[in-house]
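Asks: Fit chains B and C to the supplied structure of chain A, relying on the hints for placement.
As a plain string of letters, each chain reads:
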Amino acid sequence: MKHYLSLQDIPDFDKAILEAIALKKDPLSEKSIGRDKTLGLLFFNASLRTRISTQKAAKNLGLEVIVMNFSQEGWQLEYEDGAVMNTGKAEHIKEAAGVLSGYCDLIGIRAFAELQSREEDQKEKVLLGFATHASVPIINLESALGHPLQGFADAITITEQLGEKVLPSLNKEGHVPKVVLSWAPHPKALPHAVANSFIVAMKRLNVAFSITHPKGYELDPKITGDTPIEHHQDTALKGAEIVYVKNWSSFKDYGKVMVEDPSWTITSEKIGNAQCMHCLPVRRNVVIADNVLDSDKSLVLEQANNRTYAAQWVLRELLKTMP
Amino acid sequence: MKHYLSLQDIPDFDKAILEAIALKKDPLSEKSIGRDKTLGLLFFNASLRTRISTQKAAKNLGLEVIVMNFSQEGWQLEYEDGAVMNTGKAEHIKEAAGVLSGYCDLIGIRAFAELQSREEDQKEKVLLGFATHASVPIINLESALGHPLQGFADAITITEQLGEKVLPSLNKEGHVPKVVLSWAPHPKALPHAVANSFIVAMKRLNVAFSITHPKGYELDPKITGDTPIEHHQDTALKGAEIVYVKNWSSFKDYGKVMVEDPSWTITSEKIGNAQCMHCLPVRRNVVIADNVLDSDKSLVLEQANNRTYAAQWVLRELLKTMP
Amino acid sequence: MKHYLSLQDIPDFDKAILEAIALKKDPLSEKSIGRDKTLGLLFFNASLRTRISTQKAAKNLGLEVIVMNFSQEGWQLEYEDGAVMNTGKAEHIKEAAGVLSGYCDLIGIRAFAELQSREEDQKEKVLLGFATHASVPIINLESALGHPLQGFADAITITEQLGEKVLPSLNKEGHVPKVVLSWAPHPKALPHAVANSFIVAMKRLNVAFSITHPKGYELDPKITGDTPIEHHQDTALKGAEIVYVKNWSSFKDYGKVMVEDPSWTITSEKIGNAQCMHCLPVRRNVVIADNVLDSDKSLVLEQANNRTYAAQWVLRELLKTMP
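Chains as they are written, first to last, in my numbering: chain A, -8 to 314; chain B, -8 to 314; chain C, -8 to 314.
Calculated from the structure, these hints are not laboratory results. Honestly, I wouldn't trust all of these hints.
One copy or two, either will do: identical chains are not told apart, so a pair holds if it fits within one copy or between any two.
To be verified - List time: in silico PhoX-like cross-link candidates among lysine-lysine, alpha-carbon distance up to 20 Å:
#1 K311 x K(-7)
#2 K28 x K16
#3 K229 x K6
#4 K311 x K28
#5 K80 x K6
#6 K229 x K243
Just chain A, same shape as in the assembly (with noise of 0.2 Å):
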């Protein structure tokens, strides 16, 4: 593993679940595999879940921590191959990138997709201008088109709540749970870099993976390819063992709200005896009822406390490649 950009990056997705699964359990095991050596978390955007598990996963492996709020506390990056400088932006990712090689070991980029142009947001310029520019592995803590730590986590806890079953390596027969990802409203328009992190994860998993939202709001389907849609989400629902609540806006009509239809919001009624999962933060009420967060049936504090040891593996065996 050079850098973790994407979930393809992990080879071996079972492996690593039930080693991330076993680091949970022994969290300072390997305290001194990071002496001596720094992690730069960059943030060009809000971060509670990322900006906290990470930390905690590389003070767990006793790395330093160097954090930037780099769009306050920097300077404003230019991302264009030739580009004159005379405007606005004071430094080049090349700079940039180059610099923060020399002071950090690792280092982790958050940035959003901006919604504004399909076309700008898949070429994930930031993300992959520190890949491009950096001579250090980089750490996608959400990009404009993935949010693999994330991922990685909702298969953690996926795997702890249906059990080993659902590794193929481990289980190629029997019993497949149903799993099944449903857009919910809301009232801003959302990236879609957690729900193909997760549609990616699941087509890792040996489960029956379901994508259920209103008409309209396909997303990629480079990134979907043949998994089942069902735009009825009560048909959808049935039978799931586990419900993954996500809005995300238009990837057709790009970045646009195109319904808030509060008939989706996931509630109580509508999940049955399945297990809720959403990334956080999440809108009560609106992408999912009080009475199915409030119950035992969710799964999202578990999701949470599963990013600090996706992250933790994924530091770790950068870590492992490093003199």
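Replies: Positioned in the frame of chain A, the structure of chains B and C alone reads:
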């Protein structure tokens, strides 16, 4: 001690003061008690002394510290039960507190009074929201109604200055020093938190305590209780050994500035031989004159310095309760 | 060394450069010298390199680091003696510096020139305010008039590139390399701090140093002294081994941008065989062309990397004076 929300959470105040003074003499004596534990510090408002003294205290105990300026770096929080979250607030206190409890072993919170509505401020929604929904100890770094780390540091400072005779358990008779809390003018409307905690602290010491302020500036009678109040500042200050100076806005006409009368500014002439205290930041020549602050009558730097040991004592007591 | 306010605070510059180069080879060789000591870093302006390289340097010495973005996280400071503080400024430098001296063993300060008034900037009110009122060593992380950590790192970089012959104590005769400081255009008015410190550094090396800039861009004559100034850039650059590029605004017509002449942009053609330096951030294709920055003529990343060892040397020297 489960949380440190107010001075009442310190069961034996005399003992706590003496132990904090002992910590000050040997601050690194318990450097391993916080090892592998994490303190999260959440700031909803500006902070200099609290921010840095609490970090210093934590590091003296071997704690890891994660600082977050919540308003800028995180998500806007909703505090109402049952809220339909379709406005600007992205995350509910239930999730924020629950998630942070997974990452941090202790959480400190600073959230000032907004001074818009007495009813709202008295709910202490931020501090008590975290105390209710977190599963780890919460430390008050100044809330709407109190600043108990400041009140504790003030009591430590007074004990250092006046001697152990101010501790009721050590001297129930003899000379009782006079301590006066004096209102002073200020161009902005300020909260009541510091004054409130100072009053609570003084009631637990063996001092003759009174308050002086212009008419209309009465503090919450539930807090002042039977403390003598004198509206003539000169009369009030006569014979005082300690004058604690602080501005606050009206409690009755909630959050309003009624008077900016410069004759209430504390000067060297007014305090005579008394020593002068203030929590800082202080507006020079508005609240307190240069001829006090630049003289050896000023205890303000000692008070600030004692913030470290107040915080360190609180953190240590909370750590003692942990496995 | 009591403080590190300017390059003049380094008594033996040759020795300091050689020691910093030695630290670079073995940065963890003194990991315990800062143990149980705290460095406070106060930023009044944006910072990338200074922020992170100084943290890195501190951690290499075992120091605890507390970072504060003073303008957003703290209180607005008053610097005038005797001010009646009834406007927006909540805290006086006297208290801020005094209080922080109780929490930190060393304090670094970044506060740029405001470029509104030469008289005001020349007072260095932030840096000198802290140096006057703090009781611990102050480190200049770029002030109105100087950037001595940058100037020191630049001298380290030049010594690494040109060899020890640039150190007067080691080679008082023989080949004297030519070093030119060239002004370059920039869309914004920039301070003089970096240029000032570079000039001071070059005067302490065994180099043939000159400056080139358009007429009207003369720097403070007290700093340039008898340094040759050439207004034809091409003539100036002829035979140079090092070209240090930097924009600054007018000193005479204080803080104004007089010229944005693109013919002053540094290109590969202009610098010939010289190596190119810049403190970063750099506006590509305005200050320096891509064909320089993307070539092996560019030393900008080495300069940035050497910031760590410049800071580490300074911190170590200051720590040596402490009990």
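Asks: Now look at each hint and say whether the structure bears it out.
Replies: Hints, one by one, checked against the model:
no. : hint         : result
1   : K311 x K(-7) : within (11 Å within a copy, 40 Å between copies)
2   : K28 x K16    : between (24 Å within a copy, 16 Å between copies)
3   : K229 x K6    : neither (31 Å within a copy, 62 Å between copies)
4   : K311 x K28   : within (12 Å within a copy, 25 Å between copies)
5   : K80 x K6     : neither (43 Å within a copy, 39 Å between copies)
6   : K229 x K243  : neither (28 Å within a copy, 58 Å between copies)
In summary, the structure is inconsistent with hints 3, 5, 6 from the numbered list given earlier, while agreeing with the others.
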